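**Q** Residue numbers (our numbering), protein chains in the order written: chain A, 671 to 875; chain B, 21 to 734.
Source of the hints: derived by calculation from the structure; they are not laboratory data. Please read all numbers here as calculations on a predicted model, not as lab measurements. Among these hints, one or two may not hold up.
Said to hold, decoys possible - Chain A residues, not near chain B, derived (Cβ > 10 Å throughout):
1) Gln703
2) Gly733
3) Ser743
4) Glu778
5) Asp830
6) Cys869
Claimed, not checked - If you want the footprint, here are the derived chain B segments under chain A, 3+ residues with CB under 8 Å:
7) 109-122
8) 139-153
9) 428-440
Claimed, not checked - Estimated spans, in silico, between C-beta atoms of each pair:
10) A:Lys854 - B:Glu255: 31 to 39 Å
11) B:Asp117 - A:Arg843: 50 to 58 Å
12) B:Pro121 - A:Arg843: 27 to 35 Å
13) B:Gly282 - A:Gly856: 53 to 61 Å
Backbone N, C-alpha and C define an ideal beta-carbon position, used for all residues, glycine too.
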Amino acid sequence: MFYKSAITSAAAVAAIGIAMPLAAAQKNGAIAQDFKLTDMYGKTVQLSSFRGKTVVMEWHNPGCPFVVKHYDSGNMQATQAAADKQGVVWLTINSGAQGKQGHMKGPEAQKLAKKQGMKSDHYLLDAKGVVGKAYAAKTTPHMYIIDGSGKLVYQGGIDDKPTANKADIKGARNHVMAALNELKAGKSVSVAQSRPYGCSVKYGS
Amino acid sequence: MTSSSSLPTLRSAQNIRTALQALFAAIFFAALMSISSAQAQVDLNKRELNVPATLVAESEQVQAGQSVTLAFVMNPKPTWHGYWENPGDAGIGMSFDWKLPDGVTAGRAQYPVPDRLLISGIMNYIYKGDYAVLVNLVVSEKVKPGPLPISVKSEWLACTDEVCVPEQDELSINLQVVGPDAAVSLNNAFNDYREALPRQLGSAATFTVKDDLFRLSVPFPANIDVETPYFFIKEDGVVDYAAPQKVNRDGDRLIIETAARGDELQNISGVLKIGQGMGLSLKASSGDVAMSGVPLSSGGDSGNFIGGGDQSNASLLFIALGGAIIGGLLLNLMPCVFPILSLKAISLAKAGGDEGVVRRDALAYTAGVVVVATALGALLLALRASGAAVGWAFQLQDPRIIFVLLSLVTAIGLNLAGLFELPNVNFGNKLAAKDGPAGSFWTGALAAFVATPCTGPFMAAALGATIVLPPIAALIIFAGLGVGLALPFLLIAFVPAIRNRLPKPGAWLDSFRKTMAIPMFLTSIGLIWLLGRQIGEDGLALSLIFLLLVALILWWFGGGQMKGLSRGMVTTGALFAAIIGGVMFLPNEEAMDSQRVATASSATLPSEPFSEARLAELRATDQPVFAYFTADWCITCKANEAAAVQRQETADAFAAANVAVLMGDWTRPDPVISKFLEKHGRAGVPLYLYYAPGEEPVILPQILTVGTLTDLVT
Numbered sequence: 671m672f673y674k675s676a677i678t679s680a681a682a683v684a685a686i687g688i689a690m691p692l693a694a695a696q697k698n699g700a701i702a703q704d705f706k707l708t709d710m711y712g713k714t715v716q717l718s719s720f721r722g723k724t725v726v727m728e729w730h731n732p733g734c735p736f737v738v739k740h741y742d743s744g745n746m747q748a749t750q751a752a753a754d755k756q757g758v759v760w761l762t763i764n765s766g767a768q769g770k771q772g773h774m775k776g777p778e779a780q781k782l783a784k785k786q787g788m789k790s791d792h793y794l795l796d797a798k799g800v801v802g803k804a805y806a807a808k809t810t811p812h813m814y815i816i817d818g819s820g821k822l823v824y825q826g827g828i829d830d831k832p833t834a835n836k837a838d839i840k841g842a843r844n845h846v847m848a849a850l851n852e853l854k855a856g857k858s859v860s861v862a863q864s865r866p867y868g869c870s871v872k873y874g875s
Numbered sequence: 021m022t023s024s025s026s027l028p029t030l031r032s033a034q035n036i037r038t039a040l041q042a043l044f045a046a047i048f049f050a051a052l053m054s055i056s057s058a059q060a061q062v063d064l065n066k067r068e069l070n071v072p073a074t075l076v077a078e079s080e081q082v083q084a085g086q087s088v089t090l091a092f093v094m095n096p097k098p099t100w101h102g103y104w105e106n107p108g109d110a111g112i113g114m115s116f117d118w119k120l121p122d123g124v125t126a127g128r129a130q131y132p133v134p135d136r137l138l139i140s141g142i143m144n145y146i147y148k149g150d151y152a153v154l155v156n157l158v159v160s161e162k163v164k165p166g167p168l169p170i171s172v173k174s175e176w177l178a179c180t181d182e183v184c185v186p187e188q189d190e191l192s193i194n195l196q197v198v199g200p201d202a203a204v205s206l207n208n209a210f211n212d213y214r215e216a217l218p219r220q221l222g223s224a225a226t227f228t229v230k231d232d233l234f235r236l237s238v239p240f241p242a243n244i245d246v247e248t249p250y251f252f253i254k255e256d257g258v259v260d261y262a263a264p265q266k267v268n269r270d271g272d273r274l275i276i277e278t279a280a281r282g283d284e285l286q287n288i289s290g291v292l293k294i295g296q297g298m299g300l301s302l303k304a305s306s307g308d309v310a311m312s313g314v315p316l317s318s319g320g321d322s323g324n325f326i327g328g329g330d331q332s333n334a335s336l337l338f339i340a341l342g343g344a345i346i347g348g349l350l351l352n353l354m355p356c357v358f359p360i361l362s363l364k365a366i367s368l369a370k371a372g373g374d375e376g377v378v379r380r381d382a383l384a385y386t387a388g389v390v391v392v393a394t395a396l397g398a399l400l401l402a403l404r405a406s407g408a409a410v411g412w413a414f415q416l417q418d419p420r421i422i423f424v425l426l427s428l429v430t431a432i433g434l435n436l437a438g439l440f441e442l443p444n445v446n447f448g449n450k451l452a453a454k455d456g457p458a459g460s461f462w463t464g465a466l467a468a469f470v471a472t473p474c475t476g477p478f479m480a481a482a483l484g485a486t487i488v489l490p491p492i493a494a495l496i497i498f499a500g501l502g503v504g505l506a507l508p509f510l511l512i513a514f515v516p517a518i519r520n521r522l523p524k525p526g527a528w529l530d531s532f533r534k535t536m537a538i539p540m541f542l543t544s545i546g547l548i549w550l551l552g553r554q555i556g557e558d559g560l561a562l563s564l565i566f567l568l569l570v571a572l573i574l575w576w577f578g579g580g581q582m583k584g585l586s587r588g589m590v591t592t593g594a595l596f597a598a599i600i601g602g603v604m605f606l607p608n609e610e611a612m613d614s615q616r617v618a619t620a621s622s623a624t625l626p627s628e629p630f631s632e633a634r635l636a637e638l639r640a641t642d643q644p645v646f647a648y649f650t651a652d653w654c655i656t657c658k659a660n661e662a663a664a665v666q667r668q669e670t671a672d673a674f675a676a677a678n679v680a681v682l683m684g685d686w687t688r689p690d691p692v693i694s695k696f697l698e699k700h701g702r703a704g705v706p707l708y709l710y711y712a713p714g715e716e717p718v719i720l721p722q723i724l725t726v727g728t729l730t731d732l733v734t
């Protein structure tokens with residue numbers, strides 16, 4: 671397992687040109703690990719290029735019922751739109767390996783994004799799972815927020831109702847929205863960590 | 021990385037269970053057919069679930085004021101799994117939304133011991149294969165006899181290694197409240213369900229979070245074997261689920277270390293899995309925990325020592341090696357070893373003039389000791405590798421080995437007493453020079469062989485290390501034991517000053533040698549006692565006859581030596597035959613088990629095995645009853661037994677008051693005892709009950725004193 675992931679990531683590192691520790695969880699308050707990934711249009715996106723702006727990262731798997739809960743209800747799109755209004759950069763990341771549930775190539779992702787009315791700035795393809803593992807993304811959805819100085823300030827679930835039931839969205843605390851509002855008000859994030867819930871990220875190894 | 025095998029929990033008595041289940045399913049199905057089509061519609065959906073649930077009651081009749089256990093019987097389809105209450109990194113536990121009539125309350129769900137499933141570094145705490153989640157319903161005394169409809173909406177997550185599907189179902193069951201005298205029939209499948217639950221540890225554990233490490237210290241008796249223990253924590257955010265768990269054993273404690281994830285709590289709880297389907301549920305409070313003791317399993321592979329770089333294993337090797345050498349040195353004083361060695365030492369000293377011969381002999385002796393110690397170690401490792409659960413004292417747990425040792429020690433005693441001489445191994449009455457290095461080598465070999473079983477408890481830790489170290493390092497430790505044992509000889513040989521202080525051999529040496537037969541025979545008596553405890557008097561008598569045969573053969577051999585006849589070959593053959601005969605005629609396992617029971621009844625406070633029937637019988641005759649429930653892995657139980665239960669004062673007081681004693685052993689899961697404990701509000705042992713004639717039972721405190729017990733009857 672170790673060797674396999676080492677080989678995989680060695681290949682990935684060669685591909686994207688940025689060295690990255692193996693599956694080392696990122697800590698709140700620490701500078702978030704920089705990375706480069708290709709988005710669904712084939713464009714290369716680098717995290718550090720957004721320095722100065724707040725960045726939200728959302729782990730995504732269109733086949734996962736917990737992701738479906740937040741997209742079919744429009745909750746995720748609404749959160750994305752609200753973030754966009756605040757000038758926040760939203761990165762949706764798919765770490766599903768080829769052959770696994772939810773894996774998508776660029777064109778499929780474009781179709782889905784259009785159909786669901788996704789409001790994220792970039793849909794990033796991480797089929798090798800390198801970035802997912804660097805952030806120890808465990809579930810879909812799994813949310814991270816990075817502040818303007820590049821520090822990780824939130825990681826966890828989208829809200830505090832760990833179900834796949836759309837009816838539970840109403841009355842749940844949207845941790846991401848709450849954190850973005852606090853950041854905007856110049857406050858520190860009150861709930862900086864929560865339990866992510868959903869399907870496991872479908873890594874290749 | 022491969023998924024673990026299906027749940028062991030319900031596998032025992034699987035045939036019976038499968039049959040029961042089939043029967044139940046048939047009844048259930050028949051019932052379905054007879055009700056309205058609307059109802060059938062719901063069940064049509066249910067058939068499409070990947071982890072379908074069925075709600076079953078242990079008894080459909082329940083008396084007011086009592087409780088009834090319900091089971092959510094989950095039957096995952098092949099490749100699917102359900103989740104424990106803490107699902108791990110991903111996944112979700114079950115939820116229950118009850119609709120209960122007035123006067124009925126539902127308790128917490130009780131989950132069986134889970135399995136681990138690690139997929140791409142994401143840890144899941146799961147159940148593959150059938151499992152049952154139990155919930156107790158308490159029916160208040162106010163509830164009137166009649167129908168009692170129970171319904172619950174439950175949600176859970178069903179996953180394969182690839183996909184997850186949230187599932188839910190509305191389950192209902194119709195119970196009947198019956199009068200206090202009505203018969204209540206119990207569903208036996210619940211025995212299996214309960215067997216799969218973790219049992220409450222009873223004593224409190226301690227944990228600490230420091231430097232990104234989580235450590236948990238659990239009271240756990242040193243003499244109980246565990247296979248790769250794993251701690252399933254209930255609270256989220258405290259540990260990194262996917263990180264490997266290192267386990268140390270330090271006396272009566274298991275210490276578990278793994279990566280922490282940041283959250284700091286005052287109290288945590290969880291399940292310590294100690295074997296397939298065997299788990300102990302525990303609570304721990306924050307405190308200081310050091311990673312003391314000896315590693316049981318390192319989370320990674322144990323071969324990393326040779327690869328270098330593993331500091332802890334390297335230092336462990338040195339500590340263990342030091343312990344082994346000191347241990348070997350102390351072995352020289354053991355009653356079974358001292359006679360051989362003291363005589364050998366003097367014979368070495370005798371050759372005082374010839375430095376070269378002395379040194380050569382000492383080195384040959386050392387070689388003999390080290391070779392045998394290492395060979396015994398290799399045998400132990402091989403046995404372990406072949407899967408036998410052996411500890412260092414494994415020799416003394418097996419009556420066959422005790423018998424062989426007994427024969428050997430007795431033979432040495434007879435030799436020292438002068439019954440016969442060994443051709444090669446000479447204990448001192450001949451010149452050392454004549455012995456030659458071969459003689460010294462064999463003396464060493466013999467010393468090591470006889471000495472090794474005598475290793476005291478202080479060696480246990482060092483030898484325990486050999487289990488986790490890679491084989492080469494383990495063998496180095498065994499060799500260290502041999503070096504320690506041979507150390508006095510090396511000193512005598514290479515430091516003339518010591519040699520000069522030893523008494524010069526003479527006529528007195530022969531008397532000394534004969535006197536040294538006494539500790540040898542004492543060792544024999546010790547072994548006979550040990551053997552008797554294991555195989556009982558009948559078996560022991562037979563073994564002693566074979567021992568006599570060994571002695572007679574040696575006598576005959578000795579007689580031959582007096583006449584200058586060589587009977588070596590015949591003697592060797594006859595000896596082997598006698599010893600093998602003795603081993604073959606040892607009682608079999610079954611007889612030994614019954615002997616163990618007999619040994620238990622000869623304890624200070626004799627007891628009978630607990631059963632509810634026996635309890636009722638004793639109660640009917642108005643005899644006072646003391647019932648206690650214990651398990652080998654329960655420290656509190658063992659401490660209470662040593663301090664209060666198995667005491668002469670207690671036994672006398674109970675005998676005077678004619679108290680019957682019942683003992684329930686919960687070391688292995690026993691549904692009858694589990695149910696009984698539950699009835700008394702305990703999920704675990706110890707439980708001490710005293711039934712005065714015609715009165716309600718008194719539950720005694722968990723910490724007993726002799727006074728607590730004797731006061732009951734005075």
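**Q** State for each hint whether it applies.
**A** Results of checking the hints against the structure:
1. Gln703: Its Cβ never comes within 10 Å of chain B, the nearest being 16 Å, so this holds.
2. Gly733: Per Cβ check, Gly733 (chain A) is inside 10 Å of chain B; nearest 7 Å; violated.
3. Ser743: Nearest chain B Cβ is 14 Å from Ser743 (chain A), so the label holds.
4. Glu778: Per Cβ check, Glu778 (chain A) is outside 10 Å of chain B; nearest 18 Å; holds.
5. Asp830: holds (12 Å)
6. Cys869: Cys869 (chain A) is in fact no farther than 10 Å from some Cβ atom of chain B, at 4 Å.
7. 109-122: The restraint on the region 109-122 of chain B holds, since 5 of its residues have a Cβ under 8 Å from chain A and three suffice.
8. 139-153: holds (count 5)
9. 428-440: violated (count 0)
10. A:Lys854 - B:Glu255: 31 to 39 Å: holds (32 Å)
11. B:Asp117 - A:Arg843: 50 to 58 Å: Violated - the Cβ-Cβ distance for Asp117 (chain B) and Arg843 (chain A), about 21 Å, lies outside 50 to 58 Å.
12. B:Pro121 - A:Arg843: 27 to 35 Å: Check passed, 34 Å falls within 27 to 35 Å.
13. B:Gly282 - A:Gly856: 53 to 61 Å: For Gly856 (chain A) against Gly282 (chain B), whose Cβ atoms are near 25 Å apart, the range 53 to 61 Å is violated.
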